[in-house]
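Trainee: Those sequence lines, one after another, are chains W and S.
First residue of the first sequence: 1, per the numbering used here; consecutive thereafter.
First residue of the second sequence: 322, per the numbering used here; consecutive thereafter.
If you're looking for bench data, these hints aren't it; they were derived computationally from the structure.
It is possible that part of the hints are untrue.
[To be verified] Below are the SDA-like pairs computed for lysine to any residue, each with C-alpha atoms no more than 20 angstroms apart in a straight line:
hint: 1; chain 1: W; residue 1: Lys8; chain 2: W; residue 2: Arg308
hint: 2; chain 1: S; residue 1: Lys594; chain 2: W; residue 2: Phe245
hint: 3; chain 1: W; residue 1: Lys274; chain 2: S; residue 2: Arg595
hint: 4; chain 1: W; residue 1: Lys46; chain 2: S; residue 2: Ile634
hint: 5; chain 1: S; residue 1: Lys594; chain 2: W; residue 2: Leu208
hint: 6; chain 1: W; residue 1: Lys18; chain 2: S; residue 2: Arg475
hint: 7; chain 1: W; residue 1: Lys46; chain 2: S; residue 2: Lys594
hint: 8; chain 1: S; residue 1: Lys594; chain 2: W; residue 2: Asp216
hint: 9; chain 1: S; residue 1: Lys594; chain 2: W; residue 2: Val226
hint: 10; chain 1: S; residue 1: Lys594; chain 2: W; residue 2: Lys8
hint: 11; chain 1: W; residue 1: Lys46; chain 2: S; residue 2: Pro470
hint: 12; chain 1: W; residue 1: Lys274; chain 2: S; residue 2: Arg475
hint: 13; chain 1: W; residue 1: Lys274; chain 2: S; residue 2: Gly468
hint: 14; chain 1: W; residue 1: Lys274; chain 2: S; residue 2: Gly485
hint: 15; chain 1: W; residue 1: Lys274; chain 2: S; residue 2: Pro470
hint: 16; chain 1: W; residue 1: Lys243; chain 2: W; residue 2: Val226
hint: 17; chain 1: S; residue 1: Lys594; chain 2: W; residue 2: Pro240
hint: 18; chain 1: W; residue 1: Lys274; chain 2: S; residue 2: Ala523
hint: 19; chain 1: W; residue 1: Lys274; chain 2: S; residue 2: Ala512
hint: 20; chain 1: S; residue 1: Lys594; chain 2: W; residue 2: Lys18
hint: 21; chain 1: S; residue 1: Lys594; chain 2: W; residue 2: Arg241
hint: 22; chain 1: W; residue 1: Lys152; chain 2: S; residue 2: Ala471
hint: 23; chain 1: W; residue 1: Lys254; chain 2: W; residue 2: Leu202
hint: 24; chain 1: W; residue 1: Lys152; chain 2: S; residue 2: Glu466
hint: 25; chain 1: W; residue 1: Lys274; chain 2: S; residue 2: Ala471
hint: 26; chain 1: S; residue 1: Lys594; chain 2: W; residue 2: Glu205
hint: 27; chain 1: S; residue 1: Lys594; chain 2: W; residue 2: Lys254
hint: 28; chain 1: S; residue 1: Lys594; chain 2: W; residue 2: Asp242
hint: 29; chain 1: W; residue 1: Lys274; chain 2: S; residue 2: Glu465
hint: 30; chain 1: W; residue 1: Lys243; chain 2: S; residue 2: Ala471
hint: 31; chain 1: W; residue 1: Lys254; chain 2: S; residue 2: Ala361
All values derive from a computational prediction rather than experimental measurement.
Residues per chain, in single letters:
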Amino acid sequence: MSALISIKNLTRVFDVSKPWLNRVLERREKAYLTAVSEVSFDVAEKTVYALVGESGSGKSTIGKIVVGLLPASDGHVEIDDIDLATETDPAKVAEVRSEVQMIFQDPYASLNPRWRVREIINEPVAARGGKTEGLAESLLEQVGLSAKDAGKFPHEFSGGQRQRICIARALASNPRIIVCDEPTSALDVSVQSQVLNLMSDLQEEMGLTYLFISHDLTVVHHMADVIGVLYLGRLVEEAPRDKLFADPKHPYTKMLFDAAPRMDGFGREVDPPKGEIPDPINPPPGCAFHPRCPLAVDRCKKERPEMRQIGETRVACHLAE
Amino acid sequence: MKGTEMEKDPVLSVRDLVVEIPTRHGILRPVDRVSYDIHAGEILGVVGESGAGKSMTGNAVIGLLDPPARITHGEILLSGQPIHNIKREALRKLRGKKMGMIFQDPLTSLNPLLTIGDQLTETILEHLDVGQAEAKERAIAALEEVGIPAARDRIGSYPHEFSGGMRQRVVIALALCAEPELIIADEPTTALDVSVQAQIVALLKRLCRERGVAVMLVTHDMGVIAEAADRVAVMYAGRLAELGPVREVITKARHPYTAGLMASTPMASQGAKRLRQIPGAMPRLGALPHGCAFHPRCDRATAECRADPPPRIDYCDGRAACWHPLPQKDTTKGEPA
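Could you build all of it, start to finish, from the sequences and the hints given here?
Mentor: As structure tokens, this is what we get:
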């Protein structure tokens with residue numbers, strides 16, 4: 001299987017220092033937040049790769065770097081062997097860009113309230129001077145709305161319908177890759193299932209590749225082929241879906257699975273995980289998870305575990321086997 | 322049905338509650354004839370999609386309805402005393418003393434300009450007959466109870482110095498510090514990460530068990546409900562669709578909406594290629610369908626459903642409001658209508 005998206009040693013550092021004057025007066029150092037740190041993974045064509053993790057784990061940052069909304073501090077994102085950051089041929093860049101689209105979390109914030117739905121959906125094509133005749137109408141029907149809706153404004157739609165419009169817009173430039181950043185977190189359960197089903201159907205029909213970002217393990221379990229688990233900006237475990245859920249190897253993955261509420265967990269008494277995600281500006285030395293890890297040994301405090309391949313799983317833990 | 326003994330009386334009893342909002346386009350009813358009881362030491366889960374009226378019911382109970390929304394019918398009894406028609410001042414005394422509230426967003430429910438110690442002691446001094454020093458001790462005890470490490474040192478900290486999960490613990494301490502009988506928790510874990518959510522749910526369960534507080538847990542997360550609640554009320558378009566013991570409602574739902582809701586969670590259809598889905602969306606309050614509000618989305622709907630509101634059917638320990646309830650698939654014999 002050739003990789004459509006190939007991410008190598010991706011790192012993104014944000015400068016979160018106080019303003020210059022404050023630093024001088026309060027004698028503070030510059031502060032840097034490492035949102036994504038040396039993350040590497042491949043996404044095969046026509047598969048769904050899910051990134052899961054808690055807030056601050058860097059999953060949205062990776063999504064934004066892949067679509068090109070943020071530059072990487074270090075490392076590469078290659079799409080079809082073309083690295084957008086270093087590619088010099090503008091024709092190739094334009095081609096790859098139109099192949100990657102994004103669906104955002106909040107369908108209320110990601111549609112321009114002053115534009116008609118037709119303009120919103122046509123925009124990705126119109127911006128490149130493409131032909132948009134009847135495009136919005138056919139896409140609206142494809143995502144389960146009606147062609148007549150093209151003349152309406154976003155406020156006339158419910159949350160689920162808006163997310164369908166966002167999906168139609170993402171499809172407009174005929175992309176191969178869609179980065180979905182928590183596409184259903186803002187939706188109700190019954191609407192969520194409609195949108196997830198639509199996304200599965202579209203993936204099958206159009207041969208799409210999804211980079212699916214979510215914190216909801218049940219959604220990920222339903223959608224993903226391969227899952228990458230992030231903790232504090234680092235990939236701690238990666239495995240095919242069934243493998244990961246049947247046999248999580250990293251203690252953090254195990255902790256996430258145990259903590260997630262279950263519908264058959266009537267009166268389940270869980271021993272809740274201890275502690276919270278540490279401050280990403282001063283992450284713990286060694287393995288970032290060691291202060292919360294039930295298995296941590298001395299080595300975990302000093303030495304950062306490298307990614308190791310164990311069967312189908314890649315895991316970054318000294319003790320995993 | 323009132324028990325003969327005192328302790329059998331429910332802590333909270335809501336009867337036929339109607340909340341109305343007059344608007345230019347007519348009167349909206351975000352809560353329509355809702356009745357339920359919560360007993361001491363019990364967690365009642367209230368689920369539904371957005372706009373179902375879950376938060377509005379909680380706000381009505383605690384007296385925090387934003388005008389022009391108002392209670393127009395029914396009664397709310399707290400330990401047998403009516404609280405739906407009492408004066409603002411009397412209600413203010415009850416709030417905090419007899420009932421505590423936990424909101425979704427822990428940052429906006431704390432005052433950013435006061436230390437958490439000030440906020441806790443203020444509440445304790447207001448409601449309990451204690452002195453300043455005693456109030457501070459109680460505040461520290463409350464923080465320790467909700468699991469804040471080094472409570473004595475952190476009592477002078479401001480809310481922004483705490484993380485999201487810790488802030489929610491402070492909010493819970495604040496709701497608990499005057500020892501209320503009822504706690505209304507409105508989406509207490511929605512803004513939190515999974516691991517912190519598990520901590521907060523475990524904390525709520527422990528407090529409920531140890532202190533015998535009655536808890537109304539409003540959430541849209543079925544997993545949280547399954548793990549925490551004793552009984553669950555399912556709301557749809559302002560009405561109670563179904564109410565019963567949590568296991569019954571989740572595994573053997575009688576109301577088609579409940580069944581659809583449970584089936585459409587990705588948890589329920591693990592391994593399936595497609596998720597079950599309920600067609601359509603919840604109707605707007607201004608345009609509620611006639612008869613049963615769920616009938617346009619229901620595959621069991623008949624002429625009756627379109628004409629008249631559904632009857633209440635009682636089964637075992639629960640009830641549902643439906644013309645054509647799903648047959649009970651379990652060994653316990655029900656009597657389907």
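Trainee: Compare the structure with each hint and give your call.
Mentor: Verification of the hints:
no.: 1; hint: Lys8(W) with Arg308(W); in the structure: 15 angstroms, holds
no.: 2; hint: Lys594(S) with Phe245(W); in the structure: 17 angstroms, holds
no.: 3; hint: Lys274(W) with Arg595(S); in the structure: 35 angstroms, violated
no.: 4; hint: Lys46(W) with Ile634(S); in the structure: 49 angstroms, violated
no.: 5; hint: Lys594(S) with Leu208(W); in the structure: 17 angstroms, holds
no.: 6; hint: Lys18(W) with Arg475(S); in the structure: 25 angstroms, violated
no.: 7; hint: Lys46(W) with Lys594(S); in the structure: 16 angstroms, holds
no.: 8; hint: Lys594(S) with Asp216(W); in the structure: 18 angstroms, holds
no.: 9; hint: Lys594(S) with Val226(W); in the structure: 16 angstroms, holds
no.: 10; hint: Lys594(S) with Lys8(W); in the structure: 32 angstroms, violated
no.: 11; hint: Lys46(W) with Pro470(S); in the structure: 48 angstroms, violated
no.: 12; hint: Lys274(W) with Arg475(S); in the structure: 19 angstroms, holds
no.: 13; hint: Lys274(W) with Gly468(S); in the structure: 11 angstroms, holds
no.: 14; hint: Lys274(W) with Gly485(S); in the structure: 14 angstroms, holds
no.: 15; hint: Lys274(W) with Pro470(S); in the structure: 12 angstroms, holds
no.: 16; hint: Lys243(W) with Val226(W); in the structure: 9 angstroms, holds
no.: 17; hint: Lys594(S) with Pro240(W); in the structure: 16 angstroms, holds
no.: 18; hint: Lys274(W) with Ala523(S); in the structure: 12 angstroms, holds
no.: 19; hint: Lys274(W) with Ala512(S); in the structure: 18 angstroms, holds
no.: 20; hint: Lys594(S) with Lys18(W); in the structure: 50 angstroms, violated
no.: 21; hint: Lys594(S) with Arg241(W); in the structure: 14 angstroms, holds
no.: 22; hint: Lys152(W) with Ala471(S); in the structure: 56 angstroms, violated
no.: 23; hint: Lys254(W) with Leu202(W); in the structure: 32 angstroms, violated
no.: 24; hint: Lys152(W) with Glu466(S); in the structure: 54 angstroms, violated
no.: 25; hint: Lys274(W) with Ala471(S); in the structure: 15 angstroms, holds
no.: 26; hint: Lys594(S) with Glu205(W); in the structure: 14 angstroms, holds
no.: 27; hint: Lys594(S) with Lys254(W); in the structure: 25 angstroms, violated
no.: 28; hint: Lys594(S) with Asp242(W); in the structure: 14 angstroms, holds
no.: 29; hint: Lys274(W) with Glu465(S); in the structure: 16 angstroms, holds
no.: 30; hint: Lys243(W) with Ala471(S); in the structure: 41 angstroms, violated
no.: 31; hint: Lys254(W) with Ala361(S); in the structure: 35 angstroms, violated
In terms of the numbered hints stated before, the structure departs from hints 3, 4, 6, 10, 11, 20, 22, 23, 24, 27, 30, 31, listed from lowest to highest.
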